[in-house]
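Trainee: Residue numbers (the numbering used here), protein chains in the order written: chain A, 1 to 174; chain B, 1 to 1039; chain C, 1 to 472.
Fair warning: there could be bad hints in the mix.
[To be verified] Here are the simulated lysine-lysine pairs, PhoX-like style, with alpha carbons at most 20 Å apart:
id, chain 1, residue 1, chain 2, residue 2
1, C, K296, C, K364
2, A, K126, C, K198
3, A, K126, C, K106
4, C, K200, A, K125
5, B, K832, B, K751
6, C, K22, A, K132
7, B, K223, B, K202
8, C, K201, A, K125
9, B, K223, B, K451
No lab work stands behind these hints, which were simulated from the structure alone. Keep in mind that this is a model prediction, so the values were computed, not measured.
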Amino acid sequence: MASKILVATFTQVDDMLRAVKQARREMLRVYDVFTPFPVHGLDEALGVRFTRLAKITLIAALTGLSFALCLQFYANVLDWPLNVGGKPDNTGLAFVPISFELTILFAGLITVGSFLLRAKLFPGKKVWLAHKSVTDDTFAVVIRRPPAEDVHQRALALLKECNAANVTEAEADL
Amino acid sequence: MSDHRQGAKDKLVVLGTRRPTAYWKSTDELHNGVVDHGEFPGGLPPITVDYAPPAEGAVIPTGHDHDHDHGHDHDHGEHDHEHEHDEPGSDGPNRRDFLTLMGFSVGAASLAACRAPEIKAVPLPVAVEDMVAGVPNFYATTCGGCASSCTLLVKQRDGRPIKIEGNDASEIFGGGTCAAGQATVLGLYDNERLKGPQWKGKAAAWAEIDEQVTTSLRQITAKQGKIVLLTSSTNSPSLRALIARFLKEYPTARHVQYDAISASALRAASAQAFGKPLIPHYAFDKARVIVSLDADFLGTWISPVEFARAYAHGRRANGPEDAETLHVQFEPGMSVTGSNADQRVPTLPSQLGAVAAALLARIGKLAGQAVDPVTDPVDGKILDSVAAELWKHKGESLVVAGVNDTATQLVVHTINRLLGNIGKTVDLARPSMQRLGDDAEMAAVVDGINKGEIQALIMHGVNPGYDYADGANFAKALSKLALVVSTADRHDETNADVHALCPDHHFLESWGDAEPIAGYLSLQQPTIAPLYETRSFAESLLRWMDDTTTHYDYLREFWRTQVMPRQTGLTTFDAFWDHSLERGILDLGAPADAVTDGGAGDWKAALATIRDDAQKAGGDKFELALFESVGLRDGSDGNNPWLLEMPDPINKVSWGNVAMLAPQTAKKLGLSDGDIIALAAGGVTIEAPAFIQPGQHPRTVSLALGYGRSSVGKAGNGVGVNGFGMMHVARGGRRNWATDVTVTVTNRSEKLASSQTTFSLEGRPIVLETTREEWKEDKAKKEKGEPLLNLWNERLKGDKLWGMSIDLDACTGCSACVVACQAENNVPVVGKDQVQRQRIMHWMRIDRYYSGSEDNPQALHQPLMCQHCNHAPCETVCPVLATTTSSEGLNQQVYNRCIGTRYCANNCPYKVRRFNWYNYTTGNHAGYNMANPTGRLVLNPDVTVRTRGVMEKCSLCVQRIAAVKNAVVKRGEPMQDGEVKTACQQVCPTDAIRFGDQNDPQSGVAQRMNGERAYRVLDDLGTRPNVGYLKKVRHGQTT
Amino acid sequence: MDKLPDGVADVVWIEGSPTLGKVTADIAAPMEGKPGKLWYFLFALALLGLLDLLAMATWLVANGIGVWGLNNSVGWAFDITNFVFWIGIGHAGTLISAILLLFRQKWRTSINRSAEGMTIFAVMCAGLFPLLHMGRPWDAFFIFPYVPNQHGPLWVNFRSPLVWDVFAISTYFTISLVFWFLGLVPDFATLRDRAIGKIKKVVFGILSLGWNGSHRTWHRYELVSLVLAGLATPLVLSVHSIVSMDFATSLLPGWHATIFPPYFVAGAIYSGFGMVLTLLILTRQSMNLQRYITIKHLDAMAKVLLLTGMIVSYAYATEFFSAWYGGDIYEKYHFINRATGPYAFGFYLMVLCNVLTPQLFWFKKLRQNVAVLFVASILVNIGMWFERFVIIVVSLHRAFLPASWGMFYPTPVDIGILVGSFGLFFTLFLLFIRYMPMIAIWEVKTVVADQQHTDAALAHAAHAGEGSSHGK
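Can you build the whole structure from these sequences, using the hints too?
Mentor: Written out as structure tokens, the structure is:
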């Protein structure tokens, strides 16, 4: 369901950061910040939890590795053993390169895939922009509009104090 | 025996200095640093052969192996019966060219390029008696390749002769053949052959022609006009009888035999020495010392297959331990025989007589016979020791001369007599009938024609227009005659405007018989119905005597009346006939009129003439030595792509002959390989590309005969230069050498089609050799390395482990195996351009290296094919498993699976893999026999024809193994050792190659493989080949 | 939070520290305006090359490998030389985007995008040659495992380095492509939001996957980039190692060498950076991006060239040493032949370009002279091509048996296809810099932001009278 929000735009990174920190100190609910590039330090400011994507990568890698080994072992030893240069069927060393490559391939693709899934990024997705130039040069802090009027005023003052370029009210489901 | 050995050893010390072990680079590399193959070859190779569209309904083996090819290879036999008359040679549309022009993108082109052409299979309309599809029949017959008349077994498959093999029932020729003999089967399918008889250049019916010929013969006889029956050496008893009858029928006729390369002088000398013109039957196996004056008896001279067999037998009967035979060769340029000699002495052709004289003088002294000495033409020390060796081995030595000079031959006869060799190594009782030509008579005929004394000429098996001096004029002179008949099988240099062209059968289509050695008869029987409207010469003669008997009936009648009585045992003629036909040979023993050593002949006069000659030929002018080439011989089979592409055993040049000069001479003249030089002598000038030939006498130029045909066919026309023009008749013998030759260097140069450009071993242990002395002292064994450790467990193998052992000591380098392999395995001919680009396809090649000094080196011949490694480097790298090792140790190539990355060839240390750079079975890119429907009939249905873009190589004749396995299963008994013979092993006259099961310790191959001389090439790479070699053993002290 | 992790940030990588908006505008300019004459000229040339490639390849496939100069002795020549050459070129891209990312090298931001693009195009060119060099390209699918036929599956030979190549190169291509695209997504979003034309809006809309700059996404995004970089780094090292095994696992003198993998990787990076230099110098001239691709960037790359060039030279020396020290007669002969044989010119060309040329970069003056750099970068490319030619052809033409020694002479088709591959490469690259952000906008912005922050910090520090640049 759509909720009322305040969108405060900044032109300076530092102002934006200060705004986010103070807003949270003021117990204001900061939904998200929209920036043209990843701003370092925002994580702490926003208190974002560490993502679990790395674990997925590990699992994917192991899958790839075992798939490669099984494929080669099955083909060379179980399904169709042939005398190739008098070498034994299970020439483990020779399997290393392919196993390695498939490990990387699986890990890479699955990681990216799950990222797109988690971040709900897909072609033709309807875009909601906090501000028309957040992908250009504007930093937009999105705060829940406090229901209490006094709190709301305090929030506006706070944002102004952090020289927000402009603050607008809007509705969106985040 | 052992005292001989002892004596031989200490005496041989004087034969020059110890063999240096250092190897020198090929003259190319030595003088020019780089083997230059000209500037960048631009664009595509030229289209050099005709393309004939497949006849409607014909079954053409295609290069495409998408589906298994046996299916459509199978039925060629039928095709020829139905479509022998369609004109090959006409140009047809070509799918690839079309594509090349139309193709817009890689995709489009590749899609189209992989589409297989349509095939139509036509079943045999009527089944033939005792013909089982897929099972070959063997027919005993006699080779018509040359007058040596070797006995053959012809492999006939589905009605087509596809392979020539020696008849091992023959104790004279054995199972081997020569390269030229192997190739005769392709000559049968030559689409340049005449398709029928012609009268004055127009196709005519036989009856019509017979009438014309007979009437005009009768008229000429009536007018007492002279008739000459000019044939090549004719040792067929039935034909000789028939000719005799013909001469009776036409009293003014006379029979003249003419050989392009004759032994006329030898026969003349025999007439003086023994009272009868004959060629003694030489027993090389009985000789302990062999001295040859320019007689290439292992390559071309008189009966090379027989001689090579005997030579190897006598020389290597029980391995090198009793390798007693000392072989000394005096010759201008290196011949196959010379390359095998223990001692080779480069000698001026004009001085060969003097050498004989000098030897006679020395032996005369030893024999207490007064002979006035001559000045030594070569190092007297060598002559001394050679004479001594000969004398020591009285009665078991042999001196032969290839020089076509009566005086020299007479001296040689005398030497043999003094040595007591007559009746021992020189057999007069059963003379050889393999060269019967008489140069003097031929000269008389030519004279008669020019003078207009001869009215009619019937030519059979001769081509003077090509191979007689001033042949062009000879051919022109024929127009003066009232009647000229030629039985040539094609429009050749002679029969341009003869009256009657009466093409003879190819010998594989014809009945006949032969008597190569007096009393030793063999039969000839057809192995295929005549492809064209041809008729055997014998039948023609019969017709021209108004006799309607068929050749077959005449032959039977002759054998019934003339031959059968001379044998005992078989009583009914049919039994006798069938028996003889089946075995192909019949030994009747020495003829009644056998010659015993008659008068001595005036050898003193001969010595005098020789002395004069020797003095005349002094000075520092060049001399030209013409020799019969091992492949093309006298050039009569000059349109045979197999022979044209076979590299010369010595200089390794194919598709042309070269003027060979000594390295020092070439340096003096500033020549390098391929530079065109002009040779002028006696008013005749020819131009040929120079070739730097180690071991050549510095004052000689050697040139191979048999090349330079101008009218023989698309493949052979204009290949090389014709040297016959330089021959001239002197003292009744056509001399194959010329003195006072001027060599002029032109500024032109051509690229030679060499299959090997580096002749040095670079000091690498590839061809191992030892000396008899070292061998005795057992040093040789030490050279054998320890077997390498196996990194992996041995894989499970079948009950057999095929292997091949090649005795470098027995191999003479004659190259018969190269052609045999090509015939057996459908190896394509790729043409001059591709050979120049080093893309020769031969599965089996013979590498030839030199060691010792550049001026007189020793040669080494190493036959090399896929080594069938147990740990094959090629297999590991193939991405698609297209090559693997079979359970029986064969390295297999799967054409269907191969995608042509060529990685295997790169990783093969032996470089034996061959890649199909183009589709050699289509009209463009020089497909030769594979590119025309007639030529394809020679293909072996058991072997897939490879398509473009796949790798191929020696399979150790896996199809032959399979055939024997089937036979074994049928008869239910175990396989015998030596039952499977590979093509190269089968053809080898010297038994240098042996094939068999290594798992059976008793098998010949296992014995050899574990012998002390055994080694494997590049064994230290750990490839573990199943092909092994036996070290060469030499008379160490010689050089 | 500390914006100044190390000294690197002190260097001003983007000149005149423009505002964020200016950065966007500058980089987007080439895509919105018309390119200069130079671009059109180069593009025309490239197209010609591409056509030549198509014609030659068609001729080749229609007639057979025989149209090349190969023979029984030399089974590989230009084909595999070009293959290894192009694969090598690719490596610099991955190196810059992945390894330098891991090392947090800020200077990469201006060049990584185009370098990655180069990687992808180079790998495409490389992939062409294994296909063309086959005797029967229409059967190329045989090299994929499991081709079923009536007898069941047909497996490939997993022991063959060629099969390893197939896996390595396809993996390498896929990962590089994904990495590249992922990096482009935020920039696509930027372009989407500033696009005027309808089509552009739609196209970039699809490509940007609905990116809206949410920091939560940025947070995951950065991690994924790191993970990919972590994967790509060993990958790039493995790819050329495996390519080198085509030779190292054979037993041919000159191929059979354990030093090959590191030697090839170094060579690849060396040649790759050479190509990057060539391209960037051309680009910054034709697209007026001197402000973003500064002399400092070029200088840094020259240093990399110096380093890798030294490694390559060391490898050359080692090869000769082991040939001499090992005492194997075939090996020994091979290296004598390399330096004195018929192909010696190739060897000396390679020494000149790969051993001597990089020595120039000891001098700052030369490192920062665009003209010198351009010429040097071309020389590097030539040298590395000849290195592969020498390794492949010289080893093959005189192997074990002197009787089968031969020579290779290229035909017009050989040369035409080599030239054509450059046509393909440059066509793709020029289209890329015309229609895509060839500098990573968002990454440059991070750098710009850092700089502005640093300036502020410096100013503040100076005002406070403290010397430290690490205030705050």
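Trainee: Confirm or reject each hint.
Mentor: Evaluated hints:
Straight-line distance between C-alpha atoms of C/K296 and C/K364 comes to about 11 Å, which keeps the hinted pair within the 20 Å bound. In summary, the hint linking A/K126 to C/K198 is supported, as the alpha carbons are separated by about 16 Å, within the 20 Å threshold. Proximity of A/K126 to C/K106 is assessed by CA-CA distance (about 33 Å); at most 20 Å being required, the pair is judged violated. Of the supplied pair hints, the one linking C/K200 and A/K125 holds, its CA atoms being roughly 16 Å apart against a limit of 20 Å.
For a cut-off of 20 Å, the pair hint linking B/K832 to B/K751 stands: about 10 Å separates their Cα positions. The suggested pairing of C/K22 with A/K132 holds, with an alpha-carbon distance near 16 Å, which does not exceed 20 Å. For the suggested pair B/K223 and B/K202, the alpha carbons sit about 28 Å apart, so the restraint of at most 20 Å is broken. A C-alpha spacing of about 13 Å is found between C/K201 and A/K125, which places the hinted pair at or below 20 Å, so the restraint holds.
In summary, the hint linking B/K223 to B/K451 is supported, as the alpha carbons are separated by about 17 Å, within the 20 Å threshold.
Comparing the model with each numbered hint stated earlier shows that hints 3, 7 do not hold.
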